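Enquirer: Fit chain B to the given chain A structure using the hints.
2 protein chains.
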Amino acid sequence: MTTDAEIVYFNGTYLAKHEVRLSPDDRGFLFADGVYEVVRSYGGTLFALDEHLRRLADGLAALRITGAEPAKLANVSRELLRRNGLGGDALVYLQVTRGAAPRRHAFPDPAVPPTVYAAPMPVRSRGDAATGVAAITTADLRWTRCDIKSLALLPNVLAHQQAIEAGAQEAILVRDGVALEGTATSFFAVIDGVVRTAPCSNYILPSITRGLTLELCRTHDIPAAERPILQQELRDATELFLAGTTVEIMPVIRLDGAPVGRGTPGPVTRRLHQLFKARIC
Amino acid sequence: MTTDAEIVYFNGTYLAKHEVRLSPDDRGFLFADGVYEVVRSYGGTLFALDEHLRRLADGLAALRITGAEPAKLANVSRELLRRNGLGGDALVYLQVTRGAAPRRHAFPDPAVPPTVYAAPMPVRSRGDAATGVAAITTADLRWTRCDIKSLALLPNVLAHQQAIEAGAQEAILVRDGVALEGTATSFFAVIDGVVRTAPCSNYILPSITRGLTLELCRTHDIPAAERPILQQELRDATELFLAGTTVEIMPVIRLDGAPVGRGTPGPVTRRLHQLFKARIC
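Heads up: the protein sequence lines correspond to chains A and B, in order.
If you count the first sequence from 1, position 248 lands on 671 in my numbering, and the numbers rise without skipping.
If you count the second sequence from 1, position 6 lands on 429 in my numbering, and the numbers rise without skipping.
Mixed in with the good hints, there may be bad ones.
Where chains are identical, the list cannot tell them apart; a pair therefore holds if satisfied intra-copy or between any two copies.
Mimicking SDA-like on lysine to any residue, the simulated pairs with C-alpha atoms at most 25 Å apart in a straight line are [said to hold, decoys possible]:
1. 495 / 598
2. 495 / 699
3. 495 / 533
4. 495 / 526
5. 440 / 628
No wet-lab data here; the hints were simulated from the structure.
Given the structure is predicted, the values throughout are model-derived calculations rather than measurements.
Bound conformation, chain A alone:
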């Protein structure tokens, strides 16, 4: 799939990506004034699509962007897979902005139609679950509404780049001594035999794979708790892992250069990965 020839969706129309005429007045370009989702398809079937569209609707409501009709994006997503011949594993990217209007901070008044964009993306995992990935910890510079899946991703970009340059695949963001989440993933630790992850708050995204992971723990009697992971507890963790639409369940085998546990994917993470794989089939 090349970047420009693929069929995308833009404001009601399917067209080749290079035909999209995004306005430089778009508030996504000028102000990061919008939200997005990444949905995964397995064997041509979109996974947890309703949950993704519900979160998109929640984000639009939080930002008071109207007129996008997120429910319609279910059919758009399926149609994009069909038109691009993507019967296997793929991602669908969805983005809605407050639309194009002369530049000023306040919402356009009267409102303008939102910009609705959707495009297929290849699955580029950040690693292999069989061997795991390395991660670093870094200061969380983000704003305090990380529960909104907004386009204001510059701090995530910078932290992720820092990880890459350190030879790692993800950066775990630490705020006030708490290891919250990755730049594009949720973060879990196994400490004293309990699977731990930060509770939902304005400091983390309510990740769909995070919720599924907790549900798998409950269903299969794996001890789990939504309780903040203190940075100082990380050295006591026997296992660490990431969770997300793209990485699924991904063991972290090195953190800040030091091995996690035995330096290989641990038993709890491997079990959750198997349960996750069974769930998506």
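Expert: Then chain B, alone, in the frame of chain A:
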């Protein structure tokens, strides 16, 4: 000047705005991965252009975006005024992003050419210096690198909209009990006869008009100090004002619904406004 017919600059070419073909893969659209400037022209002459371009270069360096050659934007800015017949007062908007590349958080490797966009904008002041404006205070939700003039402006958008809906023209952002700056302006208070504004740090933008205001104070023996303005000190302020490229020096006569001082522009603000106007002539 209509929105679509005006001549803009896009990646080396002058063209009508509606002819711009911004890619939906642009990292400005996807990640807020870029910086911007707004430069003002008075009577066709761009004011403090070198300072704006230096700050743009600083922002590009902070984000490690290369290849944009900000110095060339001096001529681009002048050419935009000329081609659009803007011999009077106007604004020139400049934006540089990390360019268009398949979506992933890390910097494209190898790097792609940056997107360089410039466009004229009409001067839309947030008020009249003769009568002043109203402002509100609100929690600063932004990230912790506010010294970078980045595109991640969603928190600024939301705070400014909150001000508008409260019948005010600007929102003063308060973090940890300190009144830092507006959503698109610097913030000053006159307390015990001293002009005060937050010291430069990662929590505020190093505003060019802020610097000029402090310089005018020094030159004209107006007592001034770069010292944090505590929220609890705001009630003791005899005058408040905003400073910025668009608002210039703008008295704040009401804060959170209550009059500031006598509820009219105060003598120190009026004097600084006069000195500012004399400086730009």
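Enquirer: Each hint should be assessed against the structure and marked as holding or not.
Expert: To see whether the hints hold, each was checked on the structure:
| no. | hint | verdict |
| --- | --- | --- |
| 1 | 495 / 598 | neither (37 Å within a copy, 40 Å between copies) |
| 2 | 495 / 699 | neither (28 Å within a copy, 53 Å between copies) |
| 3 | 495 / 533 | within (24 Å within a copy, 37 Å between copies) |
| 4 | 495 / 526 | between (29 Å within a copy, 23 Å between copies) |
| 5 | 440 / 628 | neither (29 Å within a copy, 36 Å between copies) |
Hint compliance for this structure: hints 1, 2, 5 are not met, and every other hint is.
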